[in-house]
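Asker: Okay, here's what each chain looks like letter by letter:
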Amino acid sequence: MSLSTAAYDIALSLPAGVTGLAPANDNPVADFSDTPWWVALIKAVGVFVYLLLSTLLVIWFERRVIGRMQQRPGPNRNGPFGLLQTLADGMKSMLKEDITPANADRIVYTTAPLIAATMAFVSFAIIPLGGTVSIFGHETPLQITDVPVAVLLVLAVASVGVYGIVLAGWSSGSTYPLLGGLRSTAQVISYEIAMGLSLVAIFLYSGSMSTSQIVAAQSSLWYILPAFFSFAVYVITMVGETNRLPFDLAEGEGELTGGFHTEYSAMRFAMFYLGEYVNMFTVSALATTMFLGGWQAPPFIAAIGDGALNGGWWGLLWFTIKLWMFMFFFVWLRGSLPRVRYDQFMRFGWRFLIPITLAWVVAVAFIRGAQLGFLGQGTFTIGGRELSVATVVIVSIVAVIALAAAWIWDDKRAEREAAAEFNPPEEIDPFEGGFPVPPLPGQRLREPSGLAVGSGAASREPVTSSVTSTLTSSPVKEETHG
Amino acid sequence: MTTRDLVFVVVGTITAVSALLAVTTRHVVHAALWLLVSLGSLAGCYLVLGQELVGLVQLLVYVGAIVVLVLFALMLTRAPIGPQSEISTPAWQRALAVVLGGATSALLAALLLPLLASAQVDLDRPETGTTQIAQAVFGTWVWPFELLSVLLLVALIGAFAVSRLVLHREGEAA
Numbered sequence: 001m002s003l004s005t006a007a008y009d010i011a012l013s014l015p016a017g018v019t020g021l022a023p024a025n026d027n028p029v030a031d032f033s034d035t036p037w038w039v040a041l042i043k044a045v046g047v048f049v050y051l052l053l054s055t056l057l058v059i060w061f062e063r064r065v066i067g068r069m070q071q072r073p074g075p076n077r078n079g080p081f082g083l084l085q086t087l088a089d090g091m092k093s094m095l096k097e098d099i100t101p102a103n104a105d106r107i108v109y110t111t112a113p114l115i116a117a118t119m120a121f122v123s124f125a126i127i128p129l130g131g132t133v134s135i136f137g138h139e140t141p142l143q144i145t146d147v148p149v150a151v152l153l154v155l156a157v158a159s160v161g162v163y164g165i166v167l168a169g170w171s172s173g174s175t176y177p178l179l180g181g182l183r184s185t186a187q188v189i190s191y192e193i194a195m196g197l198s199l200v201a202i203f204l205y206s207g208s209m210s211t212s213q214i215v216a217a218q219s220s221l222w223y224i225l226p227a228f229f230s231f232a233v234y235v236i237t238m239v240g241e242t243n244r245l246p247f248d249l250a251e252g253e254g255e256l257t258g259g260f261h262t263e264y265s266a267m268r269f270a271m272f273y274l275g276e277y278v279n280m281f282t283v284s285a286l287a288t289t290m291f292l293g294g295w296q297a298p299p300f301i302a303a304i305g306d307g308a309l310n311g312g313w314w315g316l317l318w319f320t321i322k323l324w325m326f327m328f329f330f331v332w333l334r335g336s337l338p339r340v341r342y343d344q345f346m347r348f349g350w351r352f353l354i355p356i357t358l359a360w361v362v363a364v365a366f367i368r369g370a371q372l373g374f375l376g377q378g379t380f381t382i383g384g385r386e387l388s389v390a391t392v393v394i395v396s397i398v399a400v401i402a403l404a405a406a407w408i409w410d411d412k413r414a415e416r417e418a419a420a421e422f423n424p425p426e427e428i429d430p431f432e433g434g435f436p437v438p439p440l441p442g443q444r445l446r447e448p449s450g451l452a453v454g455s456g457a458a459s460r461e462p463v464t465s466s467v468t469s470t471l472t473s474s475p476v477k478e479e480t481h482g
Numbered sequence: 483m484t485t486r487d488l489v490f491v492v493v494g495t496i497t498a499v500s501a502l503l504a505v506t507t508r509h510v511v512h513a514a515l516w517l518l519v520s521l522g523s524l525a526g527c528y529l530v531l532g533q534e535l536v537g538l539v540q541l542l543v544y545v546g547a548i549v550v551l552v553l554f555a556l557m558l559t560r561a562p563i564g565p566q567s568e569i570s571t572p573a574w575q576r577a578l579a580v581v582l583g584g585a586t587s588a589l590l591a592a593l594l595l596p597l598l599a600s601a602q603v604d605l606d607r608p609e610t611g612t613t614q615i616a617q618a619v620f621g622t623w624v625w626p627f628e629l630l631s632v633l634l635l636v637a638l639i640g641a642f643a644v645s646r647l648v649l650h651r652e653g654e655a656a
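Protein chains in written order, with my numbering: chain A, 1 to 482; chain B, 483 to 656.
Derived by calculation from the structure, the hints in this document are not laboratory data.
It is possible that part of the hints are untrue.
Pair by pair, the computed Cβ-Cβ distance ranges are [what the hints assert, rightly or not]: (1) B:Asp606 to A:Gly90: 38 to 46 Å; (2) B:Thr559 to A:Ala365: 50 to 58 Å; (3) A:Ala365 to B:Ala579: 43 to 51 Å; (4) B:Val619 to A:Ile99: 29 to 37 Å; (5) A:Ser336 to B:Ala579: 37 to 45 Å.
Using N, Cα and C, we set each Cβ at its ideal position, and we do this for glycine too.
Only chain A is shown next, with the shape it has when bound in the complex (with noise of 0.2 Å):
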């Protein structure tokens, strides 16, 4: 009892006395004070067609750079540039035959696309596209709603929108489809994970889970720098997340031939194809707010005219700018790497990232308390900066144990190279295992020398014998294998 009380008593005098250092709270600094319901109604068609837009248009884009990237030219047939080529295949998936298997579970086969598709438009709610605008005479932040748990909402409909591919891996009563959705599960739990543990960096660095907060608490630095690592491991989560290649292991159409839309048709099947892409712009808006300082302009622009092209509707600008650097990442990915195998996959999840975010995080945590003044306010001063004894501590601390972790690391893997190192014997009789197998480079074949030449009967014998040997045992070989 009075343990507990003490710890409360410790609880609420700890933000009390660096109230001065840390921001101040966690409440959002966008104002919806002066925002009717039919502004936030205009906002929020304007966002859908933001979105829409930005989706037909990235669809020509990728097929176009990856054209391009595979030398050819990619569709270039429908109005200039091929641009029109989206829509035309929009048009046709709306006029083909809608299919539903005999076996599928009709309600959740039909539910199944309209979560995907809908639940990825929803976590843009929160995403500021930029700053404060008049729109017929209301001052209003160019952002639909801001919560003080904003980033929560986006990690929950991202969460809420997997159940669009398991339903529709499950519902569709086939095996492919089955094995899809098994897939994507647990790529999802998985990697949301990793996902949430990499936010929380920014979350310490901000104080706040605010989105228009955190974009206000990058204007003089951006979170890529201090958070580099959480950057890192994020947008690896997110290809993973989006189902993108290389982690598109949910659709795997070599292995599954589609996964878990293998029998979707027609509009349906646009509906995942809608929600994938809108899904990519999300999980880019959500890295541009958290570490790109959001629709805040680059610092050298920043600077032009005393912050004129930093804010009101030229914020739209920047983030769309920014946003598209991610979709060009997503393509160029695609272009250059293959599907990564799926243990492959799981086990650089959950053995490598979600360990190596939580070691990140608590070194995050110890950091800002340092920066924070939790750990002594001694200072000094170098080359005329003053720096925090702490803080210089700690970091060095940090780097100390990054270092020694990465040498260690090194040197295993090293010996596990030097152990795995196969030196294969500089002879090699090709039907040694009784089938013909190829020389590994550097090897030297061993004639059959007994059989073509005819050297006597001492020399055939042992060829023969072994190869009846390898004949008999073989079975043996196998139990032992299976």
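Based on the hints, put chain B in the right spot on chain A.
Answerer: Okay, now just chain B, sitting in the frame of chain A:
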């Protein structure tokens, strides 16, 4: 009756009805899906009451992790489409379940309604935000909280141990 009351009644009814459907349906996967609807609309109840953090965490943990795990386990083992007759329980078990469920609800109602019936909260200016919840969890209730996490850890290790034991016996038999 304000709009908020109306929304709360609607969301609460959806929660209760889908919870009932979850235990009465004969489709295994549909039971999991009704559970999903129930837990999701419970998050909606929290949102109506102005607790965004609790609502979103409910969505994240129960909808995003636990029901997905349930579905995962179902699909790994057996998840047929259509009703299954072999999972139906005998009548006395159903009657017992109804009695027990009703008794628990009555007990909770009898305990909580007199206790909290007179409490007044201004939902337009909620006093408990993220900071207050954090202070409660990591301040006042930090020991029960840590104890719970240890309990979960023990359960996890126990599950591992059980699965390894089963494997071991099978290996011995073979």
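Asker: State for each hint whether it applies.
Answerer: Right, here's what the structure says about each hint:
With their beta carbons about 44 Å apart, Asp606 of chain B and Gly90 of chain A fall inside the hinted range of 38 to 46 Å. Separation of Thr559 of chain B from Ala365 of chain A is about 40 Å and departs from the stated range, judged on CB atoms against 50 to 58 Å. Remark: the range hint 43 to 51 Å for Ala365 of chain A to Ala579 of chain B is upheld by a beta-carbon distance near 46 Å. Taking 29 to 37 Å as the suggested C-beta distance range, the pair Val619 of chain B and Ile99 of chain A does not conform, at roughly 50 Å.
Checked against the given bound of 37 to 45 Å, the beta carbons of Ser336 of chain A and Ala579 of chain B, roughly 57 Å apart, lie outside it.
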